[in-house]
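These protein sequences, in sequence, are chains A and B.
Using our numbering, read the first sequence as starting at 16 and increasing by one per residue.
Using our numbering, read the second sequence as starting at 185 and increasing by one per residue.
No wet-lab data here; the hints were simulated from the structure.
Please read these numbers as outputs of a predicted model, since none were measured by experiment.
Careful, some of the hints might be misleading.
Unchecked claim - DSS-like cross-link-like pairs, simulated, lysine-lysine; straight-line CA separation at most 27 Å:
{"hint": "1", "chain 1": "A", "residue 1": "LYS37", "chain 2": "A", "residue 2": "LYS73"}
{"hint": "2", "chain 1": "B", "residue 1": "LYS262", "chain 2": "B", "residue 2": "LYS208"}
{"hint": "3", "chain 1": "B", "residue 1": "LYS281", "chain 2": "A", "residue 2": "LYS84"}
{"hint": "4", "chain 1": "A", "residue 1": "LYS92", "chain 2": "A", "residue 2": "LYS37"}
{"hint": "5", "chain 1": "A", "residue 1": "LYS64", "chain 2": "A", "residue 2": "LYS37"}
{"hint": "6", "chain 1": "B", "residue 1": "LYS252", "chain 2": "B", "residue 2": "LYS208"}
{"hint": "7", "chain 1": "B", "residue 1": "LYS281", "chain 2": "A", "residue 2": "LYS64"}
{"hint": "8", "chain 1": "A", "residue 1": "LYS64", "chain 2": "B", "residue 2": "LYS208"}
{"hint": "9", "chain 1": "A", "residue 1": "LYS37", "chain 2": "A", "residue 2": "LYS84"}
{"hint": "10", "chain 1": "B", "residue 1": "LYS208", "chain 2": "B", "residue 2": "LYS281"}
{"hint": "11", "chain 1": "A", "residue 1": "LYS73", "chain 2": "B", "residue 2": "LYS281"}
{"hint": "12", "chain 1": "B", "residue 1": "LYS252", "chain 2": "B", "residue 2": "LYS262"}
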Amino acid sequence: AQSVAQPEDQVNVAEGNPLTVKCTYSVSGNPYLFWYVQYPNRGLQFLLKYITGDNLVKGSYGFEAEFNKSQTSFHLKKPSALVSDSALYFCAVMGRRALTFGSGTRLQVQP
Amino acid sequence: DAGVIQSPRHEVTEMGQEVTLRCKPISGHDYLFWYRQTMMRGLELLIYFNNNVPIDDSGMPEDRFSAKMPNASFSTLKIQPSEPRDSAVYFCASSLKQGRITYEQYFGPGTRLTVT
Chain A
16 AQSVAQPEDQ VNVAEGNPLT VKCTYSVSGN PYLFWYVQYP NRGLQFLLKY ITGDNLVKGS
76 YGFEAEFNKS QTSFHLKKPS ALVSDSALYF CAVMGRRALT FGSGTRLQVQ P
Chain B
185 DAGVIQSPRH EVTEMGQEVT LRCKPISGHD YLFWYRQTMM RGLELLIYFN NNVPIDDSGM
245 PEDRFSAKMP NASFSTLKIQ PSEPRDSAVY FCASSLKQGR ITYEQYFGPG TRLTVT
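Go ahead and model the full structure; you've got the sequences and the hints to work with.
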């Protein structure tokens, strides 16, 4: 069965600094990986995905994610954080049983 | 496109009552998913449909929960009878898959259910 781990419940970063939100996965076969963001009282919004190809995937709002097969990781990154990036971020992996989501990481960007 | 539409946005009901949540997926999408989100359990997949057919309902917590998709543009999630522990935000999502290509899921705004 597939699984996703987001080891940090919360990440704090100052505005303008780079940010990383960590994700590791476990799945048999080729991984299809996703990042979603959830703002308060909203549904999840798709940020980016890795299906195949370049290990560095670029997505919405300046976010990118780096796929590392040997470390089974798919960390979300942004070179310069904005206060408006503060939200809940979910990593997900596609398996036989649709998407499996991680527990989420709350990103807090301080002005 | 208006995106995934869910109704109602908020529902407050008393224990023992029947609750029906509604979802309209994005036109042309052939997969529909129902999720439940709580602080304690995070985001859980309840059931999903492909071309209106339920594929996996192993996430449905109890027989009190049932879901239907009578056509490509409408799905319901019903809880009967409802219990306080069913209080959560329920999300519907839809996606498109063609061959080996998996497309991202688009989520609705959710229904916040409170059972007193």
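Each hint tested on the structure:
{"no.": "1", "hint": "A:LYS37 with A:LYS73", "result": "16 Å, holds"}
{"no.": "2", "hint": "B:LYS262 with B:LYS208", "result": "15 Å, holds"}
{"no.": "3", "hint": "B:LYS281 with A:LYS84", "result": "24 Å, holds"}
{"no.": "4", "hint": "A:LYS92 with A:LYS37", "result": "9 Å, holds"}
{"no.": "5", "hint": "A:LYS64 with A:LYS37", "result": "15 Å, holds"}
{"no.": "6", "hint": "B:LYS252 with B:LYS208", "result": "12 Å, holds"}
{"no.": "7", "hint": "B:LYS281 with A:LYS64", "result": "14 Å, holds"}
{"no.": "8", "hint": "A:LYS64 with B:LYS208", "result": "24 Å, holds"}
{"no.": "9", "hint": "A:LYS37 with A:LYS84", "result": "14 Å, holds"}
{"no.": "10", "hint": "B:LYS208 with B:LYS281", "result": "18 Å, holds"}
{"no.": "11", "hint": "A:LYS73 with B:LYS281", "result": "21 Å, holds"}
{"no.": "12", "hint": "B:LYS252 with B:LYS262", "result": "8 Å, holds"}
The structure shown violates none of the earlier numbered hints.
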